[in-house]
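These protein sequences, in sequence, are chains A and B.
Numbering-wise (the UniProt record's numbering), the first sequence opens with residue 1 and increments by one.
Numbering-wise (the UniProt record's numbering), the second sequence opens with residue 1 and increments by one.
I should point out that these hints are in silico values taken from the structure, not numbers from a laboratory.
Keep in mind that a hint or two might mislead.
[Said to hold, decoys possible] Here are the simulated lysine-lysine pairs, DSS-like style, with alpha carbons at most 25 Å apart:
#1 A:K81 with A:K159
#2 B:K95 with A:K159
#3 A:K144 with A:K6
#4 B:K24 with B:K115
#5 A:K144 with A:K159
#6 A:K184 with A:K78
#7 B:K134 with B:K115
#8 A:K144 with B:K95
#9 B:K115 with A:K184
From a predicted model like this one, the values you see are computed outputs, not experimental measurements.
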Amino acid sequence: MKARRKPKLAVWKFASCDGCQLTLLDCEDELLAVADVVEIANFPEASREVARGPYDLSLVEGSITTPHDAERIRTIRKQSKFLVSIGACATAGGIQALRNFRNVREFLSIVYARPDYIDTLPHSTPIADHVFVDFELRGCPISKVQLVELISAFLGNRKPNISSHSVCVECKLRGNTCVMIANKVPCLGPVTHAGCDALCPSYNRGCFGCFGPKETPNTSSLSHQWSNGLSASDRDIVHAYRTFNAYAEAFKKEATTHEP
Amino acid sequence: MRNNSGGVIQRADIGQLLSVLTEKGYITIGPTLRDNTIVYDEIESVQDLPIGWTDIQAPGSYRLIKRDDEALFAYNTAPQSWKRYLNPPRIRLWKAQRTEGGGFTVDPEDYAPSKYAFIGVRACELKAILIQDKVFLGGYKDPCYQSRREGAFIVAVNCTQANETCFCASMNSGPKAESDYDLALTEIIDEQRHEFVVECGSERGEEILKELQHRPVEAEDSQRVDERIQETISQMGRSMDTHRLQSLLASQPNHPRWEEVAERCLSCANCTMACPTCFCSTVEDVTDLTGDHAERWRQWDSCFTMDFTYISGGHVRSSVMSRYRQWMTHKLSTWHDQFGVSGCVGCGRCITWCPVGIDITEEVAAFQNSHSQKTTNSVEK
Numbered sequence: 001m002k003a004r005r006k007p008k009l010a011v012w013k014f015a016s017c018d019g020c021q022l023t024l025l026d027c028e029d030e031l032l033a034v035a036d037v038v039e040i041a042n043f044p045e046a047s048r049e050v051a052r053g054p055y056d057l058s059l060v061e062g063s064i065t066t067p068h069d070a071e072r073i074r075t076i077r078k079q080s081k082f083l084v085s086i087g088a089c090a091t092a093g094g095i096q097a098l099r100n101f102r103n104v105r106e107f108l109s110i111v112y113a114r115p116d117y118i119d120t121l122p123h124s125t126p127i128a129d130h131v132f133v134d135f136e137l138r139g140c141p142i143s144k145v146q147l148v149e150l151i152s153a154f155l156g157n158r159k160p161n162i163s164s165h166s167v168c169v170e171c172k173l174r175g176n177t178c179v180m181i182a183n184k185v186p187c188l189g190p191v192t193h194a195g196c197d198a199l200c201p202s203y204n205r206g207c208f209g210c211f212g213p214k215e216t217p218n219t220s221s222l223s224h225q226w227s228n229g230l231s232a233s234d235r236d237i238v239h240a241y242r243t244f245n246a247y248a249e250a251f252k253k254e255a256t257t258h259e260p
Numbered sequence: 001m002r003n004n005s006g007g008v009i010q011r012a013d014i015g016q017l018l019s020v021l022t023e024k025g026y027i028t029i030g031p032t033l034r035d036n037t038i039v040y041d042e043i044e045s046v047q048d049l050p051i052g053w054t055d056i057q058a059p060g061s062y063r064l065i066k067r068d069d070e071a072l073f074a075y076n077t078a079p080q081s082w083k084r085y086l087n088p089p090r091i092r093l094w095k096a097q098r099t100e101g102g103g104f105t106v107d108p109e110d111y112a113p114s115k116y117a118f119i120g121v122r123a124c125e126l127k128a129i130l131i132q133d134k135v136f137l138g139g140y141k142d143p144c145y146q147s148r149r150e151g152a153f154i155v156a157v158n159c160t161q162a163n164e165t166c167f168c169a170s171m172n173s174g175p176k177a178e179s180d181y182d183l184a185l186t187e188i189i190d191e192q193r194h195e196f197v198v199e200c201g202s203e204r205g206e207e208i209l210k211e212l213q214h215r216p217v218e219a220e221d222s223q224r225v226d227e228r229i230q231e232t233i234s235q236m237g238r239s240m241d242t243h244r245l246q247s248l249l250a251s252q253p254n255h256p257r258w259e260e261v262a263e264r265c266l267s268c269a270n271c272t273m274a275c276p277t278c279f280c281s282t283v284e285d286v287t288d289l290t291g292d293h294a295e296r297w298r299q300w301d302s303c304f305t306m307d308f309t310y311i312s313g314g315h316v317r318s319s320v321m322s323r324y325r326q327w328m329t330h331k332l333s334t335w336h337d338q339f340g341v342s343g344c345v346g347c348g349r350c351i352t353w354c355p356v357g358i359d360i361t362e363e364v365a366a367f368q369n370s371h372s373q374k375t376t377n378s379v380e381k
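Could you put together the complete structure from these sequences and hints?
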């Protein structure tokens, strides 16, 4: 077992804030253990040293926003045995996908002195829209615990224990009281993918939906309750769904329904 | 059964109950204020109880209000039941370690007996514990549950008021605890008195009562208890018609009502987590980065999650409709086949803690009504 070649791990960045790949550095105690069992072949945030491909496991952060990146992800896919997209940008297009709901040309003309220098795609899209993805780690940012679990599962040749049920399950396991029912706080927990260990509701805040839609999300029923039970306006509903996972199908659809 | 012994404890002396139990090595768990709710948590003294507070529950809604008295137990049910103490949300079952030379050792988890005293168990919750006993101790004895259940001292508190979401009376599970407790308290407050009528349900209970300042029970005391219980029954906000319900639900897998409720259902699993009888769990195997250490964990699961029915080839219940139908049909119909009782005790938690306020009694009524309409129609024909 011990004698076998260490698997090569590569970390790739596309349009993103680096927060997700920094989760790997943030592993602290586990980081040395990770470095012990994999060869970190490409991780510019940690080292300038780059080992050539192919790679056993590629962690891909960020969304595809330029023609150049759309090409680059194909090359990375070809060099990777397993490709896992990490974080809301890579799995749903990220916060920058808000531009998908407007004309990006207009933004360019407002923001840049020389818009003609900018070569960008009209939409910010998730990695899975471009290449086959073996697994997606959700979150903005991803959870450190889930990242270590993913790498451990990869090394152990097993399925990672990562559930796609609601944040509500995590609240109940922790013993949290439902903030929506007891405090009348709008919460996206019932339609949001677990993984954060119910971070915000544990501090009496409603869930912001950082991990994107859960399996079989019923967003229309939740919105109905927000409007009728919590006096949320259509504008509130649009704002709640248009954040880090705005372009994830279920959230995109729900926000569009409530747009003026 | 030793319901004939008991006593009356004055409000000023009720604190002794907690101190005596603590002296005897019990960890006292009871109602206390937290996060704008009354939850069950570790308590040390009467001061930790929700003195003068009550809960107003409705479908998808819970709020606390101050009462105009200093009642200790004048609320109904906490967001979560006692099951988190008897069947914890997440436990390790065993761990394994690779050894030199390619072998491995397995260490089963040692569940040291815990000594909990549950203060304020409602009649519906007591019935739920008895139902979970059938699940965890009926055939195979679950060692974790057993270690916690056998040591538990139960102080039941009869409900002297009912909530909007309560329907224990129609489920024959309350509001008065009839048996299987160590002590049962009824809180009596009026102009002249603030006291607790205590009934002993076990020898352990009698021994504890002996150590507490109390006077004998008079006929008037029992009468006052009966009055409070009758009043509570009259306040029940809901009821469930269980007549022929078992066969009715079993015969209606394609009823249009299932689709209607699925339109509203979030499949968030809150109802099953809050339910005091739901017992399903999943088992996860984890390995660490080195692959030299493995553990098996058990965690609460729900029939509302997709993974719950994942088998080779896909999910058995991929539609929300099929998942809601499974839950309600199990609870009210096939539970009888499996355990000889209903899986519902009428505590109302699934109604209060459903974020969109789906009401199981309303769903049952819809089935009962459409059935009686059909029966009437066929008679008319």
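Problem set entry | Numbers of the earlier hints that this structure fails to satisfy, in rising order | As far as the earlier hints go, 6 and 9 are violated by this structure, in ascending order.
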